[in-house]
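Full structure from sequences and hints, please.
Quick note, the sequences are listed as chains E and S, same order. Heads up: the first sequence is residues 204 to 493, going by our numbering. Heads up: the second sequence is residues 20 to 185, going by our numbering.
It is possible that part of the hints are untrue.
As the list claims (entries may be wrong) - Rough simulated footprint, nothing fancy, chain S against chain E, three-plus residues with beta-carbon under 8 angstroms:
(1) 208 to 220
(2) 236 to 243
(3) 246 to 260
(4) 306 to 317
Since the hints were derived computationally from the structure, they do not count as laboratory data. Beta carbons: idealized from backbone N, C-alpha and C, even for Gly.
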Amino acid sequence: MQLLSPMRVSFPTTVAEASDELRTHGDDARVYAGGAELVLLMRIGAVHVARLVDVKRLRGMRDVTWSDGRLEIGAAVTHRRLETDREVWRRLPMFADAESRIGNIRIRNQGTLGGNLAFNDPHSDPTPPLLVHDATVVLESTAGIRELALDNFVGETYDTALRQDEILTRILVRALPEEWGQAYRRVERFQRPTLNVAVAARARNGLIAEVRIAAGCLGPRATRLRELEASLAGVPVAEIDRIVDGAKPVLKGSLNPRSDLLGSADYKLHVAGVLLKRGLRAALGLGGAA
Amino acid sequence: MTDTRRVESIQLLAITTTVNGHAWSGEVPVEEVLLDFARSRLGLKGSKRSCESEVCGACTMLVDGAPVSSCSFLAFEVNGREVTTVEGLADGDELSPLQQAFVTEVAAQCGYCTSGQLMAATALLNENPSPTYQEMQHWMSGNICRCGCYPAIARAIKSTVTRGEN
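The structure is reproduced here in structure tokens:
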């Protein structure tokens, strides 16, 4: 049993107040929303927090709204809220699927999408699908507001583009046109993904007309596989296996797989190939192993 | 002698909550988790401390009907909300239908995970009164039973479903 150290909390209602708190208290302060990751880290002593800045009262932080085919998600919206939203399932099925697999029912009730992204554990379920959607994040502070591609927000293992006094306030996700197929595939261990891939693709006349692919968990960050996307574009769908099998060196370069307790780098690379082929087949509506 | 630095850093928050139907008002330190609030402050010891990392489910409580890991849920968050622990399931000496089904099906061996299993299953049945096996499996997968009583737990949940109560 490990008690948490004494700490203080503030409940700012504006970005300016929250940003001031973060700047004033520096490394002693942490943004707090659901606490699903932060409380664990505090308990094991991995982070020392003297002051929580509870951002759930900032405007729009718990809203989910559609405008112009784009979903705007407040950063403190829980995974549970997203996985139980019919409209999210209908228009962003791959993302909804990933949200529904996070941790367990309790973590999804407690944890927030903004928290997941800002924590940036490389073993994140929503990050690869959001990369495929070309999602963007909105970061706010007293200095102003900026919108970044998620791809530029995500750094290596726990690192993000967030500045010390910035708050992630919204995640913007544009739906893909309806004729695109989508698939999220993962292998898991201890309720976390060991390896995951997100695929969206559209075929026309037996050829892959458009394709977007991302993979995560193998190395220090989830990554869009643009080289693989380029080598699949315009190719007959029957060629998927050959191209993915031949792309091992490219995958190794893009994903930077690391050996750890979840498996060797070679094993992860092999399984990534298997999941990519399954994901592509599923997204393109082909038969075979799901 | 008082450690003044420590005392200065403590912040108490006034909260009002309802626990198993009973109103509670008082002050809690920021860092107090819901599990300690229930066990130490209220004497409700049915919820168990186990993995302390949101994985096992032994500490599951319901906050406004939704299951949370009370070991990692800050107590001040229940301000204005309703908490249900395993002590709130029975009506006096009368077990809830789900609790009775756990007894009938012998859905426990050592029993340490049982209160968490009951809370997770209660929340499932409140939200989805007739879950499919797959829905049950997905919902309950975060509640670990190291004795391996899963088949009996599944039978217990399923039996309340077929009886149309929970």
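Unsatisfied constraints (hint numbers, rising)
The structure conflicts with no hint, since it agrees with every one listed earlier.
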